[in-house]
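The task is to assemble the complex, starting from two chains supplied on their own in separate frames and drawing on the hints.
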Amino acid sequence: MSSQTKTSLTLAGLVVIFSALAAAFLLNLWGRPAPLYPIPLVDTNFLDTATVRRSYADLARAGEDLSDFDCYACHEKGKPPTLRYDTNQNLIIPKEHSDIVMQHGSHGRNNNCFNCHDENNLTLLQTRDGHEVTFANSQMLCGSCHGPTLRDWQAGAHGRTSGYWTNTFSSAFSNAPEASAHAGTNGYWERSTVPAGREICVNCHNPHSPKFPGRKPAPGPHPLRAVTRLALAEEGSH
Amino acid sequence: MPEQPSSGNHGPDTGNEGMNRRSFLRTSAVLASGLAALAASLAPLRELKDYTSAERFFQKYYKELTPEEMAKILNRIENEVEQQYGVRPHVRDLKPMDGVEFVYAHNLTRCIGCRKCVHACVAENNQSRNPEIQYIRVLRLPHGSLDLEKAEHFYAPSSVPEEGYFYMPVQCQQCKNPPCVKVCPVHATWQETDGITVIDYDWCIGCRYCEAACPYWARRFNFTQPSIPKDKINPDMAYLGNRPRRQGVMEKCHFCIQRTRVGRYPACVEVCPAGARKFGNILDPKSEVSYILRTKRVFIQLKEELGTSPRFFYYFDV
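Sequences listed follow chains F and V, in order.
Residues 1 to 238 (my numbering) make up the first sequence, in order.
Residues 1 to 318 (my numbering) make up the second sequence, in order.
No wet-lab data here; the hints were simulated from the structure.
Keep in mind that this is a model prediction, so the values were computed, not measured.
Don't be surprised by glycine CBs; every beta carbon is placed ideally from N, CA and C.
Among the hints, a few may not be true.
[Stated by the list, open to error] Here are the simulated lysine-lysine pairs, DSS-like style, with alpha carbons at most 25 Å apart:
1) V:Lys60 <-> V:Lys95
2) V:Lys60 <-> F:Lys216
3) V:Lys176 <-> V:Lys72
4) V:Lys303 <-> V:Lys182
5) V:Lys176 <-> V:Lys95
6) V:Lys150 <-> F:Lys216
[Unchecked claim] Derived contacts from chain F toward chain V, CB cut-off under 10 Å, selection only:
7) Leu11
8) Leu26
9) Gly143
10) Ser144
11) Pro148
12) Arg151
13) Tyr164
14) Trp165
Chain V with its partners taken away, still in its complex shape (with noise of 0.2 Å):
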């Protein structure tokens, strides 16, 4: 396209015979026009920076990353959010702890349907605010059935719980044989050894293959920038973890893995008002959920004979 403007600029010097100080100046100022018109035309590919840069295109799989280069990755992030959002954040790059298989227990008796885990989620792992990303849905279901059909996302009474209803949220499940990861084309998603799923929101291409397979509907799909407030974010971060995303990538919930692989709960846990919510390791004889699934009536892991055999257990008192 630029050369027309510039080959049509060579007319008027070859036949130069009528060139007067008139059509000169008519020509340059058409010409001139033309260019800024040309360059605001072109203007959206200045955006083409907040989508790739050469560092962020040239990175290498994660696992094959260096110590080195994960450090400088992690700092390239900070500056991005940082120039984003203006919050200089502290990203991490977690590895999951060894003797540790992460495990969540939900009690369905004590559950009031507050939906307070959900808004939690999003404030603590930064999620786009609009259009909406929540990793958490809480159903509520009639007693007396497990059938989800019958389930209810947009319940609004003035107050829960409510009688005759009971509420299960559902959210990433973390299965042991998790067919996401399957159909990930390129491998930006995989199980760690401590049982949760992640995503390399770098080597993410967008495909949204894992999302068609997930049987949970537990993973979200980026479909344009996300939009969060700039006093909302959470800069305690990590790589595979709450970094904000861009636009064309997946996200799910990874239990929090910033704050669960320091030892902390995850925010849904610590916000769950009815103590509904239990978390732990599985692999320690000594924890909550090891005395969940040994002692409590664990009915569930849901849709469980798709074989996925989920980390996520829903029990009930008595």
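Chain F extracted, bound-state conformation (with noise of 0.2 Å):
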């Protein structure tokens, strides 16, 4: 054998050695192995921050309409509204006021809509010892009664938060960026246009059926192959 043929045979070999080296980095044998299964991104909802229900307080800073808390476009001034008991002594809800679900306290005891607001003034509401209360500053009603919750309200340690953990924040952050900080962000978590403090009650709790309302649950972690971890869990739970 030439050396010439040796060398083509070589060279030829190695052509061969490296074209299939080639071959494999190109569909990955080895490589980094492609995602299993596709996981969907979550629904940009979940990731929202806003609060249940928008108070009073919350619309009229928006300056959103407010005619429903305009009680006198229909109701007469000096006239208190009658209320209307069936049978059972649950109240009757007037057809004008159908989106109302009366579900305050058990056994529908609370069934007077003059627990808290004022007949004499419907704009306003009462606490059950006479005192005026204001629609913007509806808490103290909820308080007349809830005392503990509006103690733990009034620490922080119920209700929802918003803002920032210091109350020092000047001195600390003179130096922080925060504008620009926030400028650049995607808006996931600002609240630029809502104060910071404490969300009121009825910014969580709808003050007719306070019971906080249920959600549907973001997706939980994806399984992977695990997929009959939940059957077996549900299995076992019952």
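Shown next, in the form of structure tokens:
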């Protein structure tokens, strides 16, 4: 075998080896594995920081339609509306207020509108001992019955807090570029329209039906291969 | 390897009696295709620059960096992120504040298990979407026990909360006596003075000892290059916080260092619809968490008996 043939053979062999290697890398034979399961991105609704409801104060601040609170567009001033009850002493809700579901307190005992509303001035609320409370300050009305909750809320232990965890913000962060940092974010958490402070009761609780509403949970961790895990767990829990 | 083709090249040159136009062309063709295949087969080496750069390789330990060096590093990170994701981030090196020790309190009575905190955390902290990396795990437990053996991660009802269950999110507990820090062979993770246990992603060697040491399953490892859609990048970043990680490093909850060290609440607190999550400075007697720890039924630090002394407290109303 001449040296030239030998050379050609060696070269051809090398070409084959390297071509195979190149093909293997191209086909990603032992490279990074492609993701096994496409995991859908989470619905951005789950990233929303808004409260469950919007209070009168929120609406007033945002300059939105407050006609729902304009009681004397329909009611007559100086003439308390009469309440009607069925034979079981359940309040009959007039059709003008059909959006209201009365579920405040158990056993339907809290069935009198004027336990909280002021019958002599429908634009105000009243506590049971006769103090008048404005809609914008409604937490004091709630607290007149739910004292410990009001105490916790005032201390920050109950309810939602917005803004900053520190009250002494200015001294510690005079050089913190907060404004620029906020401007650059995608706006997930920014609540720039809502000033720092505590959310009041009616931002989360419907006063007529105060139980915190249920909601659809965000998707759990993707189970990947452990698809039978949930089924097994469900079986075990029964 | 490259010598072989070149020594092969010498063959026809030295024994050149038979050298003519045809053999020259044939040899050149073989040689050219061989070199092309060699280049293609070495192609994976091009990705090496994704793993390290000279600057990163010679970067000093975090605690030894001068402010000038840190400024350079932050600039390098901003460039890297911009190159990779097309977004110019704002990366900061935030230091702990004096007189601040962070504590987290979670109200088990109020938590409805909606998992909004999990996804808010993912979005805020630039976590990989596929494979999924999530710092918070929400456990569903049956009423009347705290047996973690009965906990369920994958619950998926149409509406939460469910009758007969309560929910307990678990994330990094920011222990006072952190086992993960003790086992780190390179001191890439340590506890800061405000109580946050941080990780220097550029110093981590990916040995995963900390993952094994953590009794709360709080640490996450990047087994692959994290994938984050470009439009989901949160450009407000911190060096020890939510800057994008690379393959082969550890990550975990850091109480949203990029937010909390400038006074803001962590993302999970801000997004919680039920107000179950409370966060603040335990050294401030007027803070929410001080009030909670003083007056509420704070019943556990998770796995208290291990002596890790978590800064994450679970409490009940009433």
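- prompt: How about Gly143 (chain F): closest beta carbon in chain V under 10 Å, or not?
  reply: violated (15 Å)
query: Once the shortest beta carbon distance from Leu26 (chain F) to chain V is found, is it less than 10 Å?
result: This hint holds: Leu26 (chain F) lies near chain V, its Cβ roughly 7 Å from the closest one there, short of 10 Å.
- prompt: When you check the alpha-carbon spacing of Lys60 (chain V) and Lys216 (chain F), does it fall within 25 Å?
  reply: Distance ~48 Å between Lys60 (chain V) and Lys216 (chain F) Cα, so the pair is violated.
- request: Quickly compare the C-alpha distance for Lys176 (chain V) and Lys95 (chain V) to 25 Å and report which way the hint goes.
  value: Answer holds: Lys176 (chain V) to Lys95 (chain V) is near 19 Å, not above 25 Å.
query: Taken at face value, is the distance from the CA of Lys72 (chain V) to the CA of Lys176 (chain V) at most 25 Å?
result: violated (32 Å)
- prompt: Are the Cα atoms of Lys303 (chain V) and Lys182 (chain V) separated by 25 Å or less?
  reply: Within the cut-off at roughly 18 Å; holds.
- prompt: Should the interface hint for Ser144 (chain F) be scored as holding, given a Cβ-Cβ cut-off of 10 Å against chain V?
  reply: violated (19 Å)
message: For the restraint on Arg151 (chain F), tell me whether the closest CB of chain V is nearer than 10 Å.
response: holds (9 Å)
message: Lys150 (chain V) and Lys216 (chain F) were given as a pair; does the straight-line alpha-carbon distance stay at or below 25 Å?
response: holds (22 Å)
message: Is the interface hint satisfied for Pro148 (chain F)? The criterion is a beta-carbon contact with chain V at less than 10 Å.
response: Constraint on Pro148 (chain F) satisfied, holds at 8 Å.
Interface hint for Trp165 (chain F), Cβ within 10 Å of any Cβ on chain V: holds (5 Å)
field: chain V contact restraint for Tyr164 (chain F) - C-beta distance below 10 Å
entry: holds (4 Å)
The structure is inconsistent with the numbered hints 2, 3, 9 and 10, although it conforms to all the rest.
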